[in-house]
Amino acid sequence: MTLQIECEGAPRDLGLAQGRACRIDLERSAARRSIVEKLEDLLPGGSAGRRLRDVKRHYPHQSESMAGLSVGAGVSEIWLVRQMDADGEPAPMAATIQEHALLARGCQGDTLIRRSRPEGLFRSVELTHPWLTSSLIGVNERGLGVAVSCEVGAAVEAPAILLAQDCLERFENTEAAVEWCLNRPATGPSTVFLLDAAGEAAGVEILESERRVLRPSEEVLVVGGRSDAAELAKGLRDARPSSVSALVLLVAAGNSAAIDPSGPELFVAGERFSP
9 MTLQIECEGA PRDLGLAQGR ACRIDLERSA ARRSIVEKLE DLLPGGSAGR
59 RLRDVKRHYP HQSESMAGLS VGAGVSEIWL VRQMDADGEP APMAATIQEH
109 ALLARGCQGD TLIRRSRPEG LFRSVELTHP WLTSSLIGVN ERGLGVAVSC
159 EVGAAVEAPA ILLAQDCLER FENTEAAVEW CLNRPATGPS TVFLLDAAGE
209 AAGVEILESE RRVLRPSEEV LVVGGRSDAA ELAKGLRDAR PSSVSALVLL
259 VAAGNSAAID PSGPELFVAG ERFSP
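Heads up: the sequence shown begins at 9 in my numbering, then just goes up one per residue.
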């Protein structure tokens, strides 16, 4: 059964709650670092140190959450920054607006279900890794769904995965979130998918030197591992709004999670969750 946690309050409080809930697993993971990695963590001028400074500069809420996560789990912020690239491969993602708007993302590795209740901002439910302050896929109380896929790179700037949580906390609709993703500092290659309760879907592709907006082709938007993304898209098309069980079966059958923004609900491992 996937771990479920609830995080509430100021940004640091959100991170503290997650760190305390995941402390044992994160301490074990951090202890497996190589000698070289441990030495690099002590160098403030290293790539991870520079990335941490960039996160603090451009994403103050999430840097505060990361500080809380560090304290709660007993691991360094430098180590947490390194884990932002832990997925390695870009994840398959698909969105469909045929009959019923749905969004899905393939997910690998250790994950948890997190209900976030940030002070003065929108509540959300998300699937994420224990070491991330942002989410892999999630939906907020207003029905905005977000999924993000990132490739591993050598960049030292703040990674685009942080955009997901910003959008969930701040926006009700796709177009406002698209503008945010087009203009906030973030490094790629990465893709953010957005889908709102009105059925408006879009993606933002973030490359090294440019960004572009992706729109659905034939009412379907796919990215990542193309064959896997196509399978996700087919599953979403087959999951009719009159049959929630079909969507539950889709995510129970493989390593994926799905969003129904009209609920709003998140579907993971044969279960459904609301913000």
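Since the hints were made in silico from the structure, they are not lab data.
By construction, the Cβ of each residue, glycine as well, lies at the ideal position given by its N, Cα and C atoms.
Hints are supplied without guarantee of correctness; some may be wrong.
[Unchecked claim] Listed next, the in silico EDC-like pairs over lysine to aspartate or glutamate satisfying Cα-Cα at most 20 angstroms (straight line):
| # | residue 1 | residue 2 |
| --- | --- | --- |
| 1 | K64 | E85 |
| 2 | K64 | E107 |
| 3 | K64 | D21 |
| 4 | K64 | E180 |
| 5 | K64 | E165 |
[Claimed, not checked] Label pairs and their in silico Cβ distance ranges:
| # | residue 1 | residue 2 | range |
| --- | --- | --- | --- |
| 6 | I43 | R178 | 21 to 29 angstroms |
| 7 | G278 | V221 | 17 to 25 angstroms |
| 8 | D118 | K64 | 43 to 51 angstroms |
| 9 | N191 | G128 | 30 to 38 angstroms |
| 10 | G17 | R58 | 40 to 48 angstroms |
| 11 | R31 | Q116 | 16 to 24 angstroms |
| 12 | R192 | G128 | 34 to 42 angstroms |
| 13 | R220 | R28 | 16 to 24 angstroms |
| 14 | L190 | R40 | 16 to 24 angstroms |
| 15 | G117 | R280 | 31 to 39 angstroms |
Checked hints:
no.: 1; hint: K64 with E85; in the structure: 11 angstroms, holds
no.: 2; hint: K64 with E107; in the structure: 42 angstroms, violated
no.: 3; hint: K64 with D21; in the structure: 17 angstroms, holds
no.: 4; hint: K64 with E180; in the structure: 25 angstroms, violated
no.: 5; hint: K64 with E165; in the structure: 11 angstroms, holds
no.: 6; hint: I43 with R178: 21 to 29 angstroms; in the structure: 41 angstroms, violated
no.: 7; hint: G278 with V221: 17 to 25 angstroms; in the structure: 34 angstroms, violated
no.: 8; hint: D118 with K64: 43 to 51 angstroms; in the structure: 25 angstroms, violated
no.: 9; hint: N191 with G128: 30 to 38 angstroms; in the structure: 22 angstroms, violated
no.: 10; hint: G17 with R58: 40 to 48 angstroms; in the structure: 30 angstroms, violated
no.: 11; hint: R31 with Q116: 16 to 24 angstroms; in the structure: 23 angstroms, holds
no.: 12; hint: R192 with G128: 34 to 42 angstroms; in the structure: 20 angstroms, violated
no.: 13; hint: R220 with R28: 16 to 24 angstroms; in the structure: 40 angstroms, violated
no.: 14; hint: L190 with R40: 16 to 24 angstroms; in the structure: 38 angstroms, violated
no.: 15; hint: G117 with R280: 31 to 39 angstroms; in the structure: 22 angstroms, violated
Checked against the numbered hints listed earlier, the structure breaks hints 2, 4, 6, 7, 8, 9, 10, 12, 13, 14, 15; every other hint is satisfied.
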